[in-house]
Amino acid sequence: MLKTSEIIETIRMINEENLDIRTITAGISLLDCADSCGEKSRGKIYDKITRIAEKLVKTGEQIEREYGIPIINKRISVTPVSIIAGASDDTDYTEYAKTLDRAADTCGVNFIGGFSALVHKGFTRGDRILLSSIPQALSETEKVCSSVNIATTRAGINMEAVAEMGHIIKKTAELTADREAIGCAKLVVFANVPEDNPFMAGAFHGVGESEAAINVGVSGPGVVQNAIRKIGPDADFGHVSEAIKKAAFKITRVGELVAREASRRLGISFGIVDLSLAPTPARGDSVAHILEEMGLETCGTHGTTAALALLNDAVKKGGSMASSYVGGLSGSFIPVSEDRGMIDAVNRGVLTLDKLEAMTCVCSVGLDMFAVPGDTTPETLSAIIADEAAIGVINQKTTAVRVIPVPGKKEGDMVEFGGLLGRAPVMPIHKASSSIFIRRRGRIPAPVNALKN
Amino acid sequence: MVENKSHRAIITVLGADKTGIIAGVTAKLAELNINILDITQTTMQDLFTMIMLVDFEKSEISFHDVVVALEERGKDLNVQVRMQHEDIFHSMHRI
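The listed protein sequences derive, respectively, from chains V and P.
When you line the first sequence up against the working numbering, it's residues 871 to 1323, in that order.
When you line the second sequence up against the working numbering, it's residues 56 to 150, in that order.
Looking at chain V on its own, in the form it has when it is part of the complex (with noise of 0.2 Å):
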């Protein structure tokens, strides 16, 4: 039989140290929905989405209650929808759009991702249209979430689209003024995008995926900050990888199980367990708070960017060992707006943007859920996109933006988005142009390190 303590420590983990199976989100292929008619299309995307995913909450909400680990969000992801759009003779894909969020309610799953396109080499039809219906579609619709790859190692960075994105991310916000331009925490710019990320706003299933896919994202930093806190502060380096690595160990193999308890059950292929560190709002779910565990005052000090780069590979470590596939972006998320430790940091002034940046040369992902002034310019937008793009293709990692540039707001100014995407402070920027840079266009080549033939 099990150990009580063994058994004490996992009920620990979930009741106290937040310990929650984040998203399993359910991806599904809508490759065979194109249709030159686009309300035929959108019939046949609405009817194989609810057919697909009608029990994934139903079967979510039996796992959670029959392992007792809260499973907080179930969601689906879908193809580029400018995939199958393109094939219609439609100028505007918005109606696409609105049918995902009506299969999203007629599920009651609480996101859809998959209004995206991948543009990193060049522009189709589809994606132009795509593209600018970005703003009008995450203004009328409440679940729907988009994403563009702008960049790959492979292909180089689409300065075109990066341009464009700034434009875009502006309008959304703009449409979205009323309500904190919450369309732009809806929206991803990627570089190297994963095929399989089961968290949202930046979930899509990729051409290269099957029919469908249970993908799980699991969570647990308070697991982690309270594993390092055990080992107390003078444990070397060694032990703090170690205790990280159990940690991860434990939390993926939970999201194991429950991936494919939920695959088994609802009869969709397993896919991949995102072993992704994501925080919340919540006390005690916060990353930033694991980096401080380790011995900085604040996070966004000096030391932050190793601590970060000692956590993330040890979540890999442990996390790959636990589970057969692997696979989204899998390693530690450093949102601000969504986590407690990272608020702070930027209210106490010692967190800027370009530790941000920094911080994401080492961590699973990007820049995320930050606000700026809204009278931020798009070039400057499609700046720091272009910045961010460029460490994710030289590194050979997924990179993202997620900004906010909030309509009448200024630098110090809170911005309140409510529920898990939290809050933010109006960060400063740096007010020098990149105007003339942004508008040279063109694409920026593929790094030598690409050609590894």
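Because the hints were derived from the structure by calculation, they are not lab data.
Note that CB positions come from ideal geometry on N, CA and C, so glycine has one too.
Some hints here could point you the wrong way.
Unchecked claim - Simulated pairs of lysine to aspartate or glutamate, EDC-like, Cα-Cα distance not exceeding 16 Å: (1) V:Lys873 to P:Asp93; (2) V:Lys1225 to V:Asp1214; (3) V:Lys1301 to V:Glu1249; (4) V:Lys873 to P:Glu141; (5) V:Lys928 to V:Asp960; (6) P:Lys83 to P:Glu126.
As the list claims (entries may be wrong) - Per label pair, the in silico range of CB-to-CB distance: (7) V:Gly1165 to P:Ala82: 50 to 58 Å; (8) V:Ala1228 to P:Asp72: 26 to 34 Å; (9) P:Glu86 to V:Lys928: 22 to 30 Å; (10) P:Ala82 to V:Arg882: 24 to 32 Å; (11) P:Ser117 to V:Gly978: 17 to 25 Å; (12) V:Ala1176 to P:Glu86: 55 to 63 Å.
To be verified - Short derived list, chain V residues pointing at chain P, Cβ under 10 Å: (13) Lys873; (14) Glu879; (15) Asn885; (16) Gly938; (17) Ile942; (18) Arg998; (19) Ser1002; (20) Phe1119; (21) Lys1120; (22) Ile1121; (23) Leu1127.
Following the hints, position chain P against chain V.
The following block gives chain P in isolation, referenced to the frame of chain V:
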């Protein structure tokens, strides 16, 4: 990797020690036709801790309803009662 084939669950009872906790919980289990396979009980810093391995194959009500019934009994006894499928503990602590 373990699969959800067994009908075994772990029941944990945590709370302030007092007379009648074991009797109260086990009576409920008998009523629900749930067989106790193993039981350990200890008091850690005044916290009553009882852990049971049970077989719920012959239970006539669903897992969910058993959980609810045990939670209600826990409220009467002023202790927390949880029932979780054993696989979550095995997956986390056994390779």
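For this session: Compare the structure with the hints numbered earlier in the document and write down the numbers of the violated ones, lowest to highest.
Result: As far as the earlier hints go, 5, 8, 17, 18, 19 are violated by this structure, in ascending order.
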